[in-house]
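With these hints in hand, go ahead and build the complete structure from the sequences.
If you want the building blocks of each chain, they are given just below.
Number of protein chains: 2
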Amino acid sequence: MTKTENIEAQEKDLDHGESLLAKLALEAELADYSPVKGCMVIRPYGYAIWEQIQSSLDKMIKETGHENAYFPLLIPESFLKKEAEHVEGFAPECAVVTYGGGKELEEKLVIRPTSETIINHMFSKWIHSYRDLPLLLNQWANIVRWEMKTRLFLRTTEFLWQEGHTAHATFEEANEETIKMLGVYKTLSEEYLAVPVIDGIKTESQRFAGAVTTYCIEGLMKDGKALQMGTSHYLGQNFAKAFDTKFQDQNSQLQYVHQTSWGVSTRLIGAVIMTHNDEKGLKLPPKIAPIQIVIVPIYKEAHEKDLVLNKCKEILRNLKSDFRVKIDDREQYTPGWKFNHWEVKGVPIRLNLGPKDIANNVVEVVRRDTNQKIKSVPQDGLKQYLMNLSTEIQETLFTQAKEFLNRNTFTVINENEFSTKIPSGGFLVGFWCENSVCEEILKQKYKATIRCIPFKVPVDQMKEEGYCIVCNKTSKQNVVFAKAY
Amino acid sequence: MTKTENIEAQEKDLDHGESLLAKLALEAELADYSPVKGCMVIRPYGYAIWEQIQSSLDKMIKETGHENAYFPLLIPESFLKKEAEHVEGFAPECAVVTYGGGKELEEKLVIRPTSETIINHMFSKWIHSYRDLPLLLNQWANIVRWEMKTRLFLRTTEFLWQEGHTAHATFEEANEETIKMLGVYKTLSEEYLAVPVIDGIKTESQRFAGAVTTYCIEGLMKDGKALQMGTSHYLGQNFAKAFDTKFQDQNSQLQYVHQTSWGVSTRLIGAVIMTHNDEKGLKLPPKIAPIQIVIVPIYKEAHEKDLVLNKCKEILRNLKSDFRVKIDDREQYTPGWKFNHWEVKGVPIRLNLGPKDIANNVVEVVRRDTNQKIKSVPQDGLKQYLMNLSTEIQETLFTQAKEFLNRNTFTVINENEFSTKIPSGGFLVGFWCENSVCEEILKQKYKATIRCIPFKVPVDQMKEEGYCIVCNKTSKQNVVFAKAY
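If you read the sequences in order, they're chains A and B. Read left to right, the first sequence gives residues 1 to 485 (this note's numbering). Read left to right, the second sequence gives residues 1 to 485 (this note's numbering).
These are calculated hints, taken from the structure and not from any lab test. The C-beta atom is built at its ideal place from N, Cα and C for all residues, glycine as well. One thing to keep in mind: the hints can contain errors.
Cβ-to-Cβ under 8 Å is the rule here; a few derived chain B residues that face chain A [what the hints assert, rightly or not]: (1) GLU51; (2) PRO76; (3) VAL97; (4) LEU137.
This is the structure in structure tokens:
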């Protein structure tokens, strides 16, 4: 069995970006290594970020008409085998249960690497008529995929996610759903996590095992690597045929349903860490920060203590209804220690409050996004001031990340340019002949992949036609290349 | 592998109470059988009840100072073996992963049957000083325990739960925590689920494997069987010693921590089903009902449709901020079909609205708890009326259940009385000599167990001393016996 020490040793092999991730995640106490190969422990502060992401996304999932449900963790091995591409893609990554209740099982069970198969089995029981459609479900669950090389949040053997599964009467409806949910993910990423993304379609080689089309959103991390942040799949009738999921249409004809599935995971926390940080630590976007404002009381003399603490409490009471706010009144730590502590943890706004501030009826406000100190903010109207500031911080973090993404998105016209630019990271935009051989060459030679065929080319004045950067064949297909996590 | 058909066949063996449970759960679409042995699918309406329970309980867990975290699903087999009683209790119930990523594992991993071991491993890493204590964590997770005889919600191989895990410097603090969290469970059960419980201490034979003391709340289901609804364990230093979880106290001495753990699960939904129902179906307490009010538009003529639907929408808009409310405007079903449908699902309040009601500016209100129809409730002040009614329904359901529990709680003074009363169910209160032999005799002969040593004897005028109902020895220990799920 792999020991904690082994996993920590593994981590030392990682390159700069990966060490940075580990440093930020460990120091901010978001997660810790576990004694189980490739699995991490999500610590309270990290889990609280996940709860914020969950509640924002859950609301959007419900507003788009989906209901939550829960399907079994364990899936009969034979189910996985029913869809040929699906088993090929997932069987090598499965954790397999062979014993239960002290006895060897007649049929092995795999821990869900994704739930299309078991959900289709149930769909085939529940769907009879066009009146039962669309069926729009979502589940929040844990997933196990046996990963060889793992890193905190970005790639772990077990992770938490949501997986939407829907069934529709027609291609049009299912396709619309697939794109709609990708849009929800884009909104979540850009408006909540403040992580800008490129949205588009995966090439065949990067497609979900069993899907007809995989749509994705791709972010660019601070170390120049791309991160697939969410995917939405049009599954066609592949699973419906494998599981005989049929309905009687309005003309009493039996038809296979058209399906979709879509998911995002705790990997999103990794995206936030690797997008919003500086040498001091994390910078959390206010919308998903577990603590949006921390108040640090500052006093030297014992007789000032009550005065300062009471004022802090008064401010807390005033802000509580609109912010996730806390006072750090621990006596064993100095204000300086606390400043550093909350900077590491990325709390968006800090209020420093001492006797002088109280005398002047002001407070000192420190922004984590720019590390700017704003002295003498009047206590009157403080709440409105902080609401505006919070919005500004959310926007600033997005703008900073967007500028980074733009600065690191380049056009490449041939393999020579590609080979020069790829080592320093970023999104490279160029033409591709649509042949998987050329795609594979780039993967082998440069460990780079086509992240997506973008909905909108992410550079200005791109020509409509050019030459495949590998084979030089004429092409009209612009794609986004990158090294990725 | 067991097929769905086998599981459904299993269900046919069950006695009346168990068939009732299945009937209610399936008809209300709370759950369905899955193709995986002993696992169920929680359908959207059932999962929505779980979400209500979760959000109420999560709030209470946080208000009592706990933070949520997430620990790995898979636990090294060697961890389970570190605490002798723990492994003895749980090993026979474990699902065991022997393959991962296509290879046989060096060490087997069990799917968590509970998480004391892996959490203690982490605690031993995180806890160094008395300053790190108390450590108060909770996790929402799925659990697998290989069950031979399963039934929907009440006993399933996989279930969802929360498990609290805390570490303290002293026995006193840990014991206080254990009892505090049992109190939270009692509040949840009585004030939210409207299920009255008896609280007390488990006997040694019923204690959690590895605990020093197990506290519990026990409900009485409509078929006369007891249901253990939640447990809270004082673990002493058992796991601390097994995992070397020590801290330096204020005198710089190394001490083992004192620990607690406590949990409730999706079994609570089973308790609601088996407490609140009648021949028509479920009766959900308003506080946890996913839909608290359903509005059914009633019209015969096409020209009335707009008038009625618009009024329904107006009422919905008015109620929306304070209730989980929906209009059932489906055209393919008659009002009568809808009445029945929402009664089966146990929606607490139904509003019937037709052209005559609109003309008179009234609405018809139907209570699910008493099935009472209240004609001509004025639309003016309707929201306040429904808020009061909702409170009344919540209380009525609790009172009904409390009266049922009282009516079915009997004193027994000897085995003869016990044997007469036990077949018809209920809580039997009698003296016990504190010898596990007598306890075992009752289990063997009557399939009855001691549910708990109650904090407060649940019958009036019980003597302080009596005779063990089995061996006749003098005893001061009153206990509660019952057949249980």
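Going through the hints against the structure:
{"no.": "1", "hint": "GLU51", "result": "holds, 7 Å"}
{"no.": "2", "hint": "PRO76", "result": "holds, 5 Å"}
{"no.": "3", "hint": "VAL97", "result": "holds, 5 Å"}
{"no.": "4", "hint": "LEU137", "result": "holds, 7 Å"}
Violated hints are absent here; each numbered hint is respected by the structure.
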